[in-house]
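With these hints in hand, go ahead and build the complete structure from the sequences.
Single-letter residue listing:
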Amino acid sequence: MASKIARLAGSRKSRLPAVFQQQRVNRSLSYSATRLVENADSESAIKRPQGTTHFGFKDVPESEKETLVGEVFSSVAKSYDIMNDVMSLGIHRLWKDHFVSKIDPGRRPGGEPLSILDVAGGTGDIAFRMLDWASEVHNDHQTKVLVTDINADMLGEGKKRSLSTKYADGSRISFLVQNAEVLDSVPDDSQDLYTVAFGIRNFTNIPAALKSAHRVLKPGGVFACLEFSKVNFSLFDMIYQQYSFNVIPMMGQLIAADRDSYQYLIESIQRFPDQETFAQMIRDAGFETSGSGYENLTMGIAAIHIGVKV
Amino acid sequence: MSSGRFSKAAIRAATQLTNSPRLYHSLTHLPPSPYTATQIRIFNSALNHVPDHGFVKDSLVLGCRDQGYLDSTHAVFHNGVFDLIQYHLYNERTRLASLKEVIDLEENSPHDKARRYCIERLKANQPFIERWPEALAVMGLPSNISSSVKELAELSDEIWYLSGDKSSDFDWYTRRASLSAVYSTTELYMTQDNSPDFNNTWQFLDRQLANVANLKTTLGSTSTWVAFTGMASLNLLKSQLARG
Numbered sequence: 001m002a003s004k005i006a007r008l009a010g011s012r013k014s015r016l017p018a019v020f021q022q023q024r025v026n027r028s029l030s031y032s033a034t035r036l037v038e039n040a041d042s043e044s045a046i047k048r049p050q051g052t053t054h055f056g057f058k059d060v061p062e063s064e065k066e067t068l069v070g071e072v073f074s075s076v077a078k079s080y081d082i083m084n085d086v087m088s089l090g091i092h093r094l095w096k097d098h099f100v101s102k103i104d105p106g107r108r109p110g111g112e113p114l115s116i117l118d119v120a121g122g123t124g125d126i127a128f129r130m131l132d133w134a135s136e137v138h139n140d141h142q143t144k145v146l147v148t149d150i151n152a153d154m155l156g157e158g159k160k161r162s163l164s165t166k167y168a169d170g171s172r173i174s175f176l177v178q179n180a181e182v183l184d185s186v187p188d189d190s191q192d193l194y195t196v197a198f199g200i201r202n203f204t205n206i207p208a209a210l211k212s213a214h215r216v217l218k219p220g221g222v223f224a225c226l227e228f229s230k231v232n233f234s235l236f237d238m239i240y241q242q243y244s245f246n247v248i249p250m251m252g253q254l255i256a257a258d259r260d261s262y263q264y265l266i267e268s269i270q271r272f273p274d275q276e277t278f279a280q281m282i283r284d285a286g287f288e289t290s291g292s293g294y295e296n297l298t299m300g301i302a303a304i305h306i307g308v309k310v
Numbered sequence: 001m002s003s004g005r006f007s008k009a010a011i012r013a014a015t016q017l018t019n020s021p022r023l024y025h026s027l028t029h030l031p032p033s034p035y036t037a038t039q040i041r042i043f044n045s046a047l048n049h050v051p052d053h054g055f056v057k058d059s060l061v062l063g064c065r066d067q068g069y070l071d072s073t074h075a076v077f078h079n080g081v082f083d084l085i086q087y088h089l090y091n092e093r094t095r096l097a098s099l100k101e102v103i104d105l106e107e108n109s110p111h112d113k114a115r116r117y118c119i120e121r122l123k124a125n126q127p128f129i130e131r132w133p134e135a136l137a138v139m140g141l142p143s144n145i146s147s148s149v150k151e152l153a154e155l156s157d158e159i160w161y162l163s164g165d166k167s168s169d170f171d172w173y174t175r176r177a178s179l180s181a182v183y184s185t186t187e188l189y190m191t192q193d194n195s196p197d198f199n200n201t202w203q204f205l206d207r208q209l210a211n212v213a214n215l216k217t218t219l220g221s222t223s224t225w226v227a228f229t230g231m232a233s234l235n236l237l238k239s240q241l242a243r244g
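Sequence lines, in order, name chains A and B.
In terms of this note's numbering, the first sequence is residues 1 to 310.
In terms of this note's numbering, the second sequence is residues 1 to 244.
Note that these hints are calculated values from the structure, not bench results.
Backbone N, C-alpha and C define an ideal beta-carbon position, used for all residues, glycine too.
Treat the hints with caution; some may be incorrect.
Said to hold, decoys possible - Computed from the model, here is a short list of chain A residues facing chain B with C-beta under 7 Å:
id	residue
1	G111
2	D192
3	V222
4	I239
5	S290
6	G291
7	I306
8	V308
9	V310
Stated by the list, open to error - Each computed DSSO-like pair below joins lysine-lysine, with the alpha-carbon atoms no more than 27 Å apart:
id	chain 1	residue 1	chain 2	residue 2
10	B	K57	B	K123
11	A	K102	B	K57
12	A	K218	A	K65
13	B	K123	B	K150
14	A	K218	A	K96
15	B	K57	A	K218
16	A	K102	B	K150
17	A	K96	B	K57
18	A	K144	B	K123
19	A	K159	A	K144
20	A	K160	A	K144
21	A	K102	A	K166
Here it is in structure tokens:
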């Protein structure tokens with residue numbers, strides 16, 4: 001049953017005509033999909049064949065996930081901003097601002113300028129915010145950000161954007177194609193801050209990426225992650241699920257004419273571990289957390305996880 | 001398992017078991033501290049900077065720096081300076097239990113013991129008393145107020161418990177509520193007190209505690225009066241009606 005629905009979800013091609021027919025398909029699909037979500041984690045963890053990982057609700061060979069995720073982001077790179085606005089009703093801007101004000105990056109009196117690594121930061125959304133924060137709040141014009149992404153298309157988008165900012169000369173921001181699980185061009189113990197916003201759920205091997213984060217951070221360096229998470233209020237969760245499975249793919253169809261990518265994005269949110277599990281994964285990678293280790297945003301639609309390398 | 005080593009999952013399950021909040025209270029096994037050794041070191045260093053910098057993020061950053069960490073490290077504390085304040089409150093509340101032997105010897109009645117615990121607790125704010133209003137302001141922020149009120153309730157519970165309060169009726173609540181009120185007003189008074197050794201504060205505390213005692217008598221007398229008058233009026237009415 002489960003695999004049949006997953007196959008159905010994945011193989012369905014975008015069809016524009018017959019809006020009503022489309023909606024009917026949506027409804028039946030979303031119903032099965034929500035049911036599937038309930039046991040998705042336990043089922044796939046047990047039954048997933050060796051050497052495969054999840055791509056949305058589908059199981060794919062680990063070697064293929066990178067390419068598949070790459071295709072999704074290559075196809076949405078241009079409309080990435082609109083996509084985020086659609087998926088979060090525009091609230092992602094507030095979350096990102098809060099994220100940056102929380103980590104409060106910048107040189108302080110008697111301190112050093114920071115080296116920041118922004119992973120999966122393709123379009124530079126978080127990087128520009130952090131540089132702005134450092135300049136405006138701490139009057140720090142030396143802190144540097146290295147933006148890495150596995151996807152050259154996304155990085156290209158970021159580079160293009162940087163040209164219209166005051167960081168156009170590239171002295172404070174640089175872009176580099178890197179696999180977050182390896183980060184082979186980033187030396188050990190070299191970074192003050194590692195940020196990853198709405199990226200980590202697309203990684204093939206999250207524990208490996210956390211290990212790499214631990215490796216490149218200086219002792220005392222901070223790992224900060226902003227990611228979609230699990231809503232902790234059941235009535236709101238119900239509404240949110242309906243919105244995710246019905247509205248978002250349809251909007252993807254209408255706005256970007258790319259239903260499958262959006263379908264993947266919401267499925268990947270469903271498959272990402274909940275707040276507690278992810279906090280434990282961060283601790284397992286060698287980080288220390290304080291309190292619960294996370295902060296919920298908008299009732300848990302997104303969460304900020306922070307760990308420190310001690 | 002067969003090789004005599006525990007699987008990773010088993011170890012995690014075991015550690016989660018010890019870290020999870022207990023469903024029972026044990027006098028002999030106190031709950032583990034919510035803070036790691038690193039956090040305790042950072043917070044203690046940060047508190048040393050509070051007299052100069054106040055209850056602001058800078059103190060926390062300087063605390064991280066003193067302990068050999070980076071300026072960015074402060075970001076690990078999700079509530080910023082409120083985490084530092086909560087650490088101080090937690091630390092000083094749990095410290096009271098260590099004074100039990102001395103106070104049990106020196107004071108007699110539960111009331112005197114409670115007064116003494118209040119004084120000991122208030123004295124812990126002395127090093128940064130000029131900065132304490134900043135802490136109170138942070139504690140009063142909408143996002144923090146529920147944790148602050150909970151901490152205050154736990155403090156007055158701790159004080160009454162250590163003082164040997166054995167009440168098991170509604171008095172249990174009134175004692176804790178009134179002590180919370182007394183403690184918080186005295187704490188506020190102390191921030192404005194310039195008298196030597198805070199003598200005015202201790203006098204203020206005594207007056208507040210006496211007021212509470214008076215209030216209790218007043219409340220008791222009032223309720224007796226209301227009950228008596230009520231019954232009397234009712235009987236009067238009944239007798240009037242019966243007579244026709």
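Structure-based check of all given hints:
The interface hint given for A/G111 holds, since its Cβ lies 5 Å from the closest Cβ of chain B, which is under the 7 Å cut-off. Checking A/D192 against chain B by beta carbon gives a least distance of about 5 Å; that is within 7 Å, so the hint holds. The criterion of a C-beta within 7 Å of any C-beta in chain B is met by A/V222, whose closest approach is roughly 5 Å, and the hint holds. The criterion of a C-beta within 7 Å of any C-beta in chain B is not met by A/I239, whose closest approach is roughly 24 Å, and the hint is violated.
For A/S290, the suggested interface contact is upheld, since its CB lies about 5 Å from the closest CB of chain B, less than 7 Å. Interface hint at A/G291: satisfied, since its Cβ lies 6 Å from the closest Cβ of chain B, which is below the 7 Å cut-off. The beta carbon of A/I306 comes within 5 Å of a beta carbon in chain B, closer than 7 Å, and the hint placing it at the interface holds. Taken as an interface hint, A/V308 checks out: its beta carbon lies about 4 Å from the nearest beta carbon of chain B, inside 7 Å.
Given the 7 Å rule on beta carbons, the hint for A/V310 holds: about 5 Å separates it from the nearest Cβ of chain B. Pair hint B/K57 plus B/K123 holds up; C-alpha atoms about 24 Å apart against a cutoff of 27 Å. Straight-line distance between C-alpha atoms of A/K102 and B/K57 comes to about 11 Å, which keeps the hinted pair within the 27 Å bound. For the proposed pair A/K218 and A/K65, the alpha carbon gap of about 30 Å is over 27 Å, so the pair is violated.
Restraint check for B/K123 and B/K150: satisfied, since their Cα atoms lie roughly 21 Å apart, inside the 27 Å limit. Between the alpha carbons of A/K218 and A/K96 the distance comes to roughly 24 Å, so the proposed pair stays at or under 27 Å and holds. Among the hinted pairs, B/K57 with A/K218 is consistent with the structure: their alpha-carbon atoms are about 21 Å apart, no more than 27 Å. Distance check on the hinted pair: A/K102 and B/K150 sit about 25 Å apart at the alpha-carbon level, within 27 Å; holds.
Straight-line distance between C-alpha atoms of A/K96 and B/K57 comes to about 20 Å, which keeps the hinted pair within the 27 Å bound. As the CA atoms of A/K144 and B/K123 are separated by approximately 46 Å, the hinted pair breaks the 27 Å bound. Of the pairs offered as hints, the one joining A/K159 and A/K144 holds, with about 15 Å between alpha carbons and a cut-off of 27 Å not exceeded. Between A/K160 and A/K144 the CA atoms are separated by roughly 18 Å; this keeps the pair inside 27 Å, and the hint holds.
Among the hinted pairs, A/K102 with A/K166 is consistent with the structure: their alpha-carbon atoms are about 23 Å apart, no more than 27 Å.
Going down the numbered hints, you'll see the structure goes against 4, 12 and 18, while the others check out.
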